[in-house]
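Enquirer: Numbering (the working numbering), first residue to last: 1 to 508.
No wet-lab data here; the hints were simulated from the structure. All figures in this text were calculated on a predicted structure; none of them were measured in a lab. Fair warning: there could be bad hints in the mix.
Claimed, not checked - Calculated cross-link-like contacts (lysine to any residue; reagent style SDA-like; alpha-carbon spacing at most 25 angstroms): (1) Lys-305 <-> Asp-257; (2) Lys-292 <-> Glu-362; (3) Lys-292 <-> Thr-398; (4) Lys-417 <-> Pro-262; (5) Lys-305 <-> Leu-458; (6) Lys-291 <-> Glu-358; (7) Lys-305 <-> Ser-259; (8) Lys-141 <-> Leu-205; (9) Lys-417 <-> Val-317; (10) Lys-305 <-> Lys-141; (11) Lys-417 <-> Ser-246; (12) Lys-291 <-> Gly-364; (13) Lys-291 <-> Lys-141; (14) Lys-389 <-> Thr-190; (15) Lys-389 <-> Gly-427; (16) Lys-389 <-> Lys-141; (17) Lys-292 <-> Thr-108; (18) Lys-291 <-> Val-263; (19) Lys-291 <-> Arg-421; (20) Lys-389 <-> Gly-454; (21) Lys-389 <-> Glu-325; (22) Lys-305 <-> His-395; (23) Lys-305 <-> Thr-190; (24) Lys-292 <-> Lys-141; (25) Lys-291 <-> Ser-467; (26) Lys-417 <-> Pro-365.
Stated by the list, open to error - If you anchor each label on the Cβ, the simulated ranges turn out as follows: (27) Asp-80 <-> Thr-188: 23 to 31 angstroms; (28) Glu-304 <-> Ala-268: 44 to 52 angstroms; (29) Gly-99 <-> Phe-424: 23 to 31 angstroms; (30) Pro-94 <-> Ser-42: 27 to 35 angstroms; (31) Asp-409 <-> Ala-131: 48 to 56 angstroms; (32) Ala-268 <-> Asp-444: 36 to 44 angstroms.
Note that beta-carbon positions come from the ideal geometry of N, C-alpha and C, so glycine has one too.
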Amino acid sequence: MSEKTSATASRRSVRLASVAAVATLAGLLSGPGSAADDVDASAVVTYDCDLPSGTVQVPLEVRGTFPATGEVDVPMSPVDVSMTADFEAADLAPLLPEGASEVVSTATLDVDVVQNDQTAQAQWAQFVAPATPLAGDENGKVRLAHTGEVPSVTVSAAGDVTLTAGQLTLGLSAPAVEGEEAPADPVTLTCDRSEGEAGLLATVLVPDAGTPETPDPGGETDPGEGGGEDPGDPEGEPPLPPVDTSCPDVVPQGEMDISDAPVIPPGAPPFQLNLPGQRVCGYAVGLATIKKLNGSTIINDPSEKPALLSALANQRVTVRTPQMEGGGYNMFNSLATLDLPDAESTFLAFGFQPVSAEVSFETGPLTVSTGNVMEVFGYPVNFAVVSFKQSMRLHDVTVNGVPLDVGPDCRTVRPYKVVLRGDFTGGNPYLNVLEGGPLNGTLDIPAFSGCGSGGQDLDALFTASISGPGNSIALNQANMCVPDADPSVWNCPPRLPALPGAPTPAVD
């Protein structure tokens with residue numbers, strides 16, 4: 001082989017801000033694309049890929065349907081995207097175990113998104129090529145045809161948007177064979193555009209929309225206006241469905257669990273007051289990231305029909321003044337309930353097998369604890385803790401697009417505890433349940449059981465792919481609506497917050 005021969009998984013929504021810095025949203029599924037006319041486009045970009053035996057040139061053909069034009073603040077989503085890499089059969093064979101007759105490939109393409117003077121990088125990840133014969137075609141070529149979904153792009157200003165191919169990463173492995181040992185870890189190839197390659201994939205014109213008919217999404221809005229949507233909240237997100245305009249008649253049930261809140265320092269006993277609690281409701285949306293899959297699932301998807309969080313705010317108040325022995329301590333406890341809708345998840349089992357599933361959550365009562373701890377004559381240290389127990393059930397599973405019957409009770413063997421804490425380092429801290437804010441936490445997902453039907457046991461598949469420690473959850477809770485108070489003052493109707501990673505909602 002000559003030195004230069006002719007050879008051939010989470011989602012992120014990307015927003016280009018016209019004034020602010022680039023914001024990248026991590027999400028498994030992008031929202032709907034622009035309503036503009038679509039154009040089929042293709043481009044061939046040649047890459048230099050480093051193999052153990054030397055550098056080879058790999059043509060990559062990228063095909064997709066792109067919007068011909070876009071709109072400001074409306075997500076643009078390329079669809080039907082494929083990436084086909086052409087290799088010489090003789091170059092691939094040495095990379096795989098001896099005796100391998102097929103190759104499975106994954107592809108991740110960095111895509112530079114540029115408009116005016118703003119630049120962001122999207123990642124077209126978890127593209128998968130099915131098992132392909134290593135023998136190649138009559139010309140000795142192995143065509144690895146990858147398909148997958150790509151993130152949406154949202155811009156805040158008019159001007160041409162260009163998408164340019166950047167670094168390409170390929171993962172090559174032999175397919176698994178039933179009854180045999182698991183295949184070796186994939187061989188990773190890192191490829192850069194060949195010298196002289198522009199890499200342009202598409203250009204989308206975003207015309208000046210003129211005077212908008214609706215309020216400026218970046219402007220401040222009276223909290224009583226907007227018919228349930230806050231134009232400043234979901235900046236960069238897809239058009240949202242109508243939201244509930246009033247709080248449901250739901251009274252949270254269960255016992256509060258304050259075991260994860262900071263313990264009051266030794267000293268004088270605090271004053272504690274139990275109250276009926278104020279009925280409130282609001283939206284909380286977020287992202288759950290599975291460590292093993294390196295991908296995120298949208299929780300309470302704002303582009304679908306999100307569920308409202310209902311709470312009895314400040315049912316229990318614990319107070320010790322700073323002058324008392326042991327220093328000051330304030331804690332406000334609220335009990336809440338959130339019946340989450342199903343989420344859709346797509347991942348690569350064992351790194352190469354595309355699996356899609358609907359995920360149902362059984363969520364117990366939520367305890368919200370906020371307050372501060374203050375040493376004598378010291379500064380208060382704020383805290384915010386939201387904790388609850390939850391179980392996860394998988395259903396409507398497909399593997400490589402083929403339905404897989406996992407039975408009606410494919411779930412975690414036991415409930416797991418979720419503990420989320422407020423972040424007080426930014427400009428929008430979670431000070432209390434009424435104002436809301438960002439929350440983050442990690443959790444351990446237990447093993448799965450009850451997966452399979454007809455004598456087939458699939459517990460090990462989902463346990464190996466999903467279960468384990470180090471998984472993360474990020475939530476944004478909007479301001480709470482207080483329906484029994486003046487709705488023009490207390491954030492009614494409830495408004496949707498941005499997903500974690502989006503621009504912080506405007507503060508009215």
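Enquirer: Please go over all the hints and tell whether each is borne out by the structure.
Expert: Verification of the hints:
Pair hint Lys-305 plus Asp-257 does not hold up; C-alpha atoms about 29 angstroms apart against a cutoff of 25 angstroms. A C-alpha spacing of about 22 angstroms is found between Lys-292 and Glu-362, which places the hinted pair at or below 25 angstroms, so the restraint holds. The hinted pair formed by Lys-292 and Thr-398 meets the criterion: a straight-line CA distance of about 19 angstroms does not exceed 25 angstroms. Among the hinted pairs, Lys-417 with Pro-262 is consistent with the structure: their alpha-carbon atoms are about 17 angstroms apart, no more than 25 angstroms.
Pair hint Lys-305 plus Leu-458 does not hold up; C-alpha atoms about 31 angstroms apart against a cutoff of 25 angstroms. Note on Lys-291 and Glu-358: the hinted pairing holds, with a Cα-Cα distance of about 18 angstroms set against a maximum of 25 angstroms. With a C-alpha separation of about 33 angstroms, the suggested pairing of Lys-305 with Ser-259 is violated against the 25 angstroms cut-off. Taking the CA atoms of Lys-141 and Leu-205, the gap is about 37 angstroms. The hint is violated against a cut of 25 angstroms.
Of the supplied pair hints, the one linking Lys-417 and Val-317 holds, its CA atoms being roughly 24 angstroms apart against a limit of 25 angstroms. For the given pair, Lys-305 sits about 47 angstroms from Lys-141 by alpha-carbon distance, which is inconsistent with the 25 angstroms threshold. Restraint check for Lys-417 and Ser-246: not satisfied, since their Cα atoms lie roughly 30 angstroms apart, outside the 25 angstroms limit. The suggested pairing of Lys-291 with Gly-364 holds, with an alpha-carbon distance near 24 angstroms, which does not exceed 25 angstroms.
For the hint linking Lys-291 to Lys-141, the alpha-carbon distance of about 36 angstroms lies beyond 25 angstroms, and the restraint is violated. Simply put, Lys-389 and Thr-190 have alpha-carbon atoms about 42 angstroms apart, too far for the 25 angstroms limit, and the pair is violated. The straight-line distance between the Cα atoms of Lys-389 and Gly-427 is roughly 29 angstroms, outside the 25 angstroms bound, and the hint therefore fails. About 53 angstroms separates the Cα atoms of Lys-389 and Lys-141, which puts this hinted pair outside 25 angstroms; it is violated.
The suggested pairing of Lys-292 with Thr-108 holds, with an alpha-carbon distance near 17 angstroms, which does not exceed 25 angstroms. Straight-line distance between C-alpha atoms of Lys-291 and Val-263 comes to about 30 angstroms, which puts the hinted pair past the 25 angstroms bound. Taking the CA atoms of Lys-291 and Arg-421, the gap is about 19 angstroms. The hint holds against a cut of 25 angstroms. A C-alpha spacing of about 31 angstroms is found between Lys-389 and Gly-454, which places the hinted pair above 25 angstroms, so the restraint is violated.
The hinted pair formed by Lys-389 and Glu-325 fails the criterion: a straight-line CA distance of about 35 angstroms is larger than 25 angstroms. Of the supplied pair hints, the one linking Lys-305 and His-395 holds, its CA atoms being roughly 19 angstroms apart against a limit of 25 angstroms. For a cut-off of 25 angstroms, the pair hint linking Lys-305 to Thr-190 is broken: about 40 angstroms separates their Cα positions. Simply put, Lys-292 and Lys-141 have alpha-carbon atoms about 33 angstroms apart, too far for the 25 angstroms limit, and the pair is violated.
Between Lys-291 and Ser-467, the direct Cα distance comes to roughly 9 angstroms. Compliance with the 25 angstroms bound is thereby established for this hinted pair. Taken as a hint, the Lys-417 and Pro-365 pair is honoured in the structure, with Cα atoms around 11 angstroms apart against an allowance of 25 angstroms. Distance hint for Asp-80 and Thr-188: a CB-CB separation of about 27 angstroms, consistent with the stated range 23 to 31 angstroms. Distance hint check: the CB atoms of Glu-304 and Ala-268 are about 50 angstroms apart, consistent with the given range 44 to 52 angstroms.
Between Gly-99 and Phe-424 the Cβ separation comes to about 57 angstroms, which falls outside the hinted range of 23 to 31 angstroms. Between Pro-94 and Ser-42, the C-beta spacing of about 31 angstroms keeps the proposed range 27 to 35 angstroms intact. Restraint check, Asp-409 to Ala-131: a C-beta distance of roughly 31 angstroms breaks the suggested window 48 to 56 angstroms. At roughly 37 angstroms, the beta-carbon separation of Ala-268 and Asp-444 lies within the given 36 to 44 angstroms, and the hint holds.
Going down the numbered hints, you'll see the structure goes against 1, 5, 7, 8, 10, 11, 13, 14, 15, 16, 18, 20, 21, 23, 24, 29 and 31, while the others check out.
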